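S.K.: The chain contents come next:
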Amino acid sequence: MAVDKKTLKELFSRTLKIRLFEEKVWDLFGENIVPGTLHLYLGQEAVAAGVTTALKKSDWIQSSHRGHGHVVAKGADMNAALAELLGKKTGSCKGKGGSMHITQLDVGVLGATGVVASGLPIAVGAALSCQMRKTDEVVACFFGDGASNNGTFGESLNMSAIWKLPLVWIVENNFYAMGTPIKMTCPSSTVAQRAEAYCIPSKVVDGNNALEVYEATIEAVKRAREGGGPTLIECQTYRMKGHSRFDPAKYRPKEEADYWLSEEKDAVNVIQKIAIEQGAITEKDADKIRAKLQKDVDKAGEFAKKSEFPEPAEALDDVFAEAI
Amino acid sequence: MAVDKKTLKELFSRTLKIRLFEEKVWDLFGENIVPGTLHLYLGQEAVAAGVTTALKKSDWIQSSHRGHGHVVAKGADMNAALAELLGKKTGSCKGKGGSMHITQLDVGVLGATGVVASGLPIAVGAALSCQMRKTDEVVACFFGDGASNNGTFGESLNMSAIWKLPLVWIVENNFYAMGTPIKMTCPSSTVAQRAEAYCIPSKVVDGNNALEVYEATIEAVKRAREGGGPTLIECQTYRMKGHSRFDPAKYRPKEEADYWLSEEKDAVNVIQKIAIEQGAITEKDADKIRAKLQKDVDKAGEFAKKSEFPEPAEALDDVFAEAI
Amino acid sequence: MAEITYREALKQGLREEMLRDERVFLLGEDIGLNWGGAFKVSKGLAEEFGEDRVRDTPISENTIAGAAVGAAITGMVPVAEIMFGDLITLAMDQICNQAAKMRYMFGGQTSVPLVIRTVFGGGKNLASHHSQSLESWFMHTPGLKVAVPAFASDVKGLIKTAIRDPDPVLFAEHKLVYDKTEEVPDDEDYLIPFGQAKVRREGADVTLWGTFLMLHKALEVAEELQKEGISVEVIDPRTLVPLDTKTLIESVKKTGRLVLVTEETKTGATTAEVAAIVQEEAFDWLDAPIKRVNAPDTPVPFSPPLENFFIPDNKRIAQAVRDIV
Amino acid sequence: MAEITYREALKQGLREEMLRDERVFLLGEDIGLNWGGAFKVSKGLAEEFGEDRVRDTPISENTIAGAAVGAAITGMVPVAEIMFGDLITLAMDQICNQAAKMRYMFGGQTSVPLVIRTVFGGGKNLASHHSQSLESWFMHTPGLKVAVPAFASDVKGLIKTAIRDPDPVLFAEHKLVYDKTEEVPDDEDYLIPFGQAKVRREGADVTLWGTFLMLHKALEVAEELQKEGISVEVIDPRTLVPLDTKTLIESVKKTGRLVLVTEETKTGATTAEVAAIVQEEAFDWLDAPIKRVNAPDTPVPFSPPLENFFIPDNKRIAQAVRDIV
Ligand SMILES: Cc1ncc(C[n+]2csc(CCOP(=O)(O)OP(=O)(O)O)c2C)c(N)n1
Ligand SMILES: Cc1ncc(C[n+]2csc(CCOP(=O)(O)OP(=O)(O)O)c2C)c(N)n1
Ligand SMILES: [Mg+2]
Ligand SMILES: [Mg+2]
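Residue numbers (the working numbering), protein chains in the order written: chain H, 1 to 324; chain Y, 1 to 324; chain Z, 1 to 325; chain A, 1 to 325.
So that you can see chain H by itself, here it is in the shape it has in the complex (with noise of 0.2 Å):
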């Protein structure tokens, strides 16, 4: 598939744009003032760079518990978002929600949940409701290795092929769930084995190659678009951190995390060097691009530090449409 340039300059500004979003959440965390526990996505933007460049604004995302890559490369405010993980009133959830259910809904992202797997029923009704609805939207379904093993998998391709939903289901392998390893929990070499069962096609990428993530997806979407019904992708990845807050992730062979955390491997500086090979921007547009990205993100740091707190009182409001 030829990719244009202007996709490849996306590909890597998007990519770059969670590395650095989620640099400034460590930041924020290293100063302490990050409530709660944190999933970050680093190691993995190559995987929500690659599927969201390949939808429309008007398509949705289903995000996970490790969902600030996911809000940010739809194209969640990130001033928004950055004041949602430190609690704020301006946070996108006006600081009722904090990382594991960091949302935009008005760009798209259906919902970041902290139960693992439980976003997959939800994107099959919003896959439903896309084909019911007639429009040409697709949904795009978030979740990792770890939350194959739970039930609302099967459940929710099966639902998602029989009644040929647009959707896109992307597992990101990160090969952990926690601490455990998937070969410790998944007797299939890849995932994606998996789809088979509800016959559904599947692929599997190098999910640090936003390129190769972008590609499949375009496919699939194209599928889901026309009526084809949903494709698996199974997108290969690694964290950088451990999984939480506190988790030095010393369980991993040293082999397999040095493999996976070299320069070589790295989702910026695989895209970065593709794009930069194909001609469609140069070292110089590189740093330009980093550098305004820094800017908006240090931006938002600012205005998440200097936002207020919401009032205490306020825990009250929003359980219902009308207070009851």
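Calculated from the structure, these hints are not laboratory results.
Errors might be hidden in some of the hints.
Pairs of lysine-lysine, DSSO-like flavour, derived with a Cα cap of 27 Å [unchecked claim]:
id: 1; chain 1: H; residue 1: 250; chain 2: A; residue 2: 124
id: 2; chain 1: Z; residue 1: 315; chain 2: Z; residue 2: 253
id: 3; chain 1: H; residue 1: 265; chain 2: H; residue 2: 295
id: 4; chain 1: A; residue 1: 43; chain 2: H; residue 2: 254
id: 5; chain 1: H; residue 1: 89; chain 2: H; residue 2: 299
id: 6; chain 1: Y; residue 1: 134; chain 2: H; residue 2: 183
id: 7; chain 1: H; residue 1: 24; chain 2: H; residue 2: 89
id: 8; chain 1: Y; residue 1: 89; chain 2: Y; residue 2: 306
id: 9; chain 1: H; residue 1: 222; chain 2: H; residue 2: 164
id: 10; chain 1: H; residue 1: 250; chain 2: A; residue 2: 43
id: 11; chain 1: A; residue 1: 180; chain 2: A; residue 2: 315
id: 12; chain 1: H; residue 1: 203; chain 2: Y; residue 2: 183
id: 13; chain 1: H; residue 1: 24; chain 2: H; residue 2: 241
id: 14; chain 1: Z; residue 1: 198; chain 2: Z; residue 2: 254
id: 15; chain 1: A; residue 1: 43; chain 2: A; residue 2: 124
id: 16; chain 1: A; residue 1: 253; chain 2: A; residue 2: 315
id: 17; chain 1: Y; residue 1: 164; chain 2: A; residue 2: 43
id: 18; chain 1: Y; residue 1: 24; chain 2: Z; residue 2: 124
id: 19; chain 1: Y; residue 1: 250; chain 2: Z; residue 2: 40
id: 20; chain 1: Y; residue 1: 164; chain 2: Y; residue 2: 134
id: 21; chain 1: Y; residue 1: 288; chain 2: Y; residue 2: 273
id: 22; chain 1: A; residue 1: 198; chain 2: A; residue 2: 246
id: 23; chain 1: H; residue 1: 288; chain 2: H; residue 2: 265
id: 24; chain 1: A; residue 1: 124; chain 2: H; residue 2: 24
id: 25; chain 1: H; residue 1: 250; chain 2: A; residue 2: 40
id: 26; chain 1: H; residue 1: 164; chain 2: Z; residue 2: 43
id: 27; chain 1: Y; residue 1: 305; chain 2: Z; residue 2: 124
id: 28; chain 1: Y; residue 1: 254; chain 2: Z; residue 2: 43
id: 29; chain 1: Z; residue 1: 43; chain 2: Y; residue 2: 183
id: 30; chain 1: H; residue 1: 89; chain 2: A; residue 2: 315
id: 31; chain 1: H; residue 1: 265; chain 2: H; residue 2: 203
id: 32; chain 1: A; residue 1: 124; chain 2: H; residue 2: 89
id: 33; chain 1: Y; residue 1: 241; chain 2: Z; residue 2: 124
id: 34; chain 1: Z; residue 1: 124; chain 2: Z; residue 2: 180
This one's a predicted model, so the numbers in the text were calculated from it and none came from an experiment.
Starting from the known structure of chain H, fit chains Y, Z and A with the ligands onto it as the hints suggest.
M.R.: Chains Y, Z and A with the ligands in isolation, oriented as in the chain H frame:
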């Protein structure tokens, strides 16, 4: 595989025993003395007969909501089984369970359950227990085609695979879940295809042929006992009656029903023919066996009918080991 | 106004809302052409609205509920059916963690206009897995509204309100009231607001509050007790969330006595919450302890004599009233 | 006796039972070598007992619980962990329909000797899906026993009793008490019987009953109020099923006043049941309405000021006491 005459005779008589038992249930139902609903096993007898004949007494079975045939085949006391269906104090569950919970643990029935697909996780635990207790016991778990759409299916198959549990998954594919044809809810042409997702070997057999079921089970049980892990066997069969008590099953296409409900496909006829052809029994033997079984079943019916109902306050017993 | 069954009234409500708003659709197991719902509530609707809008699903309770959530937040108005209330155990995450919390945890960004219909209660000898009354779990789930219609007129007005409500509604029905009949308005906009109890019978000596079949029994008991000279007021909450405590407390202030009766197992039933509220808010008006009449703390047994013992009967209800007057 | 944390005491209890009885084993997500449990309760046990008996599982909550059931009825004694109480929504069928009902619906044919451990409560800014307190659902499930240890000595004695109990136990822990320390007996047969409340502090004017972190706050409040001349008796139920109503009612008969405090959302909380019982059984001894202090009926919010508002604090507890003395 060469199957000895004794086994052929056993397959015949077990198939027939279930048939006669269920006909008795149908009669009692006609007398309007069976409370609640009923999921008859009529038509599927060869599955339970074939599977249980391949098991040892010390092996276990997990039943479903369509359990009469399973428990009778595993050797449950017919008096207690019929009494249970009538809600009598002498029932195997003292009248507390009825049709959907008909169970006799001391012959190796782990339980019948009213929640579709809820037996699968229990079978996983029982098989894990067989393994951890270092026994050679094996578990066979019965469930329907419809059950394979429930979340526990994937979870349980997976767990059985990763732990190489001594388990045989028996799908009774009767092509319907209540009124829903399986082709409406399952994109593949067999349920067995789903086993591959978990690297579980599988086989599709004629579920109206007890010998085929037996042979497939023998092989699976051997693998399980030797530590080779689970197998899935899809037994294709058909309900002679509707789903439950009052279902006339009008939704089934005539040709389909005619095919399955023909004399040649009848589970009892099929195994009787084989047993006679292979010299395991004569026509006369068959009649003798039938007469003997009919007598047992009739006696069980009498026993059940003349048994007392429990005292109302017995509703308070058996909640805990000791009343709290 | 025609006298129709609860089942029929419910179907009327569903049908009218489907005619009014094309975003409304039904999904669930065996609700469509071949069966029409385990209790025949949707019988005929697939024929009328097509299999798309009356959608049979696989046996996947959690994904049925979750699909309703996803559809609700993207412009549809799903009414999902969980065939038996006992099976809602499989859909608790999507109902209680997702549907109920979504508006809140996303800071008000979305409404979740869906209805989960299910059916509770025993009395049909269906044993432990098809007879439970689990409504208190949902009353304890912030973000959910909970309807408990016991009469044909209410079930119609409440299902229509539930469908038009922007928030998720757990719409509980009861097996033994499907066949009860009542006069039911034909008006397309016949809506019963949530949170308004109905005084089903006026009385002076004691207040009887209950739900579902127990409410029908309460009315019978009230008639019986009238003969003994005891005047019983009978209150139907109609919805548990929001709960109309005002009507109840006014009644208790008048009668000074309260008996609560539901088919739930006693410990942790909805009656516990109501008792706790009333003793707090009407402490000085209570002339006797609030009595609760519930099923015992056991699973639901199969055999008729056992199940009959399990489900509160008129005698137990009447006795509870007599105990405090 | 050594002063150790609740976490350590719990681990001691698990370890001692695993040493005593080789049928005892643990299963759950990330409880083994690589993690030792999300709250590190089982840290070191996989190293000691092997990965077979401290078994990491896939993320399959319903099958984890169901596997425990299957193992329990065939000769093992499983202790299954559901990593967060909120995720137990996925295992409700196996816990509430299977484990809890099996002895009953099979007419006493089998015991179901298993323990489901999970952890409730907020206070760590983990938001709506990792902070709930859902114990009342299980209190409302006949056939389950429910333990709610709040102190290190109790958690050890209760987990040992739970493991030796022939019936299924929902063993609830609380995130913010894992680090609380107390003197804990070393005795291998140190068992705390279910159904025996503990008077954690004696007092004369008002009874304070609560669970988990709220119990710790209640004790602080009691100290504060002492200075105002209010003498508070503090009661810890330790188990909700069986529930020791005797100790509580004796206390109320002495003080005439009762405040109930838990971190649950108010409507349908365990405090409702307790209030309902006490108003019924000690009606004539109550000098004031029973007060309930709970979280508001909202999902659990993320941001610190919101969550702090959500979780009852000493001020609210003290005020409730002052309101009725
Ligand atoms: C249903 C459920 N079970 C357990 C957890 C605790 N938990 C949070 S993240 C996680 C691992 C998820 O692994 P995976 O799906 O591979 O996603 P990753 O974290 O690797 O992105 C677990 C077990 C949870 N949040 N939800
Ligand atoms: C979890 C669950 N969902 C729905 C039901 C209602 N129900 C009872 S049997 C049945 C169909 C089951 O189909 P299948 O698994 O194929 O078994 P069969 O009845 O054909 O033997 C349904 C939907 C139930 N009991 N449990
Ligand atoms: Mg992972
Ligand atoms: Mg079937």
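S.K.: Need the list of violated hint numbers for this structure, in ascending order.
M.R.: none
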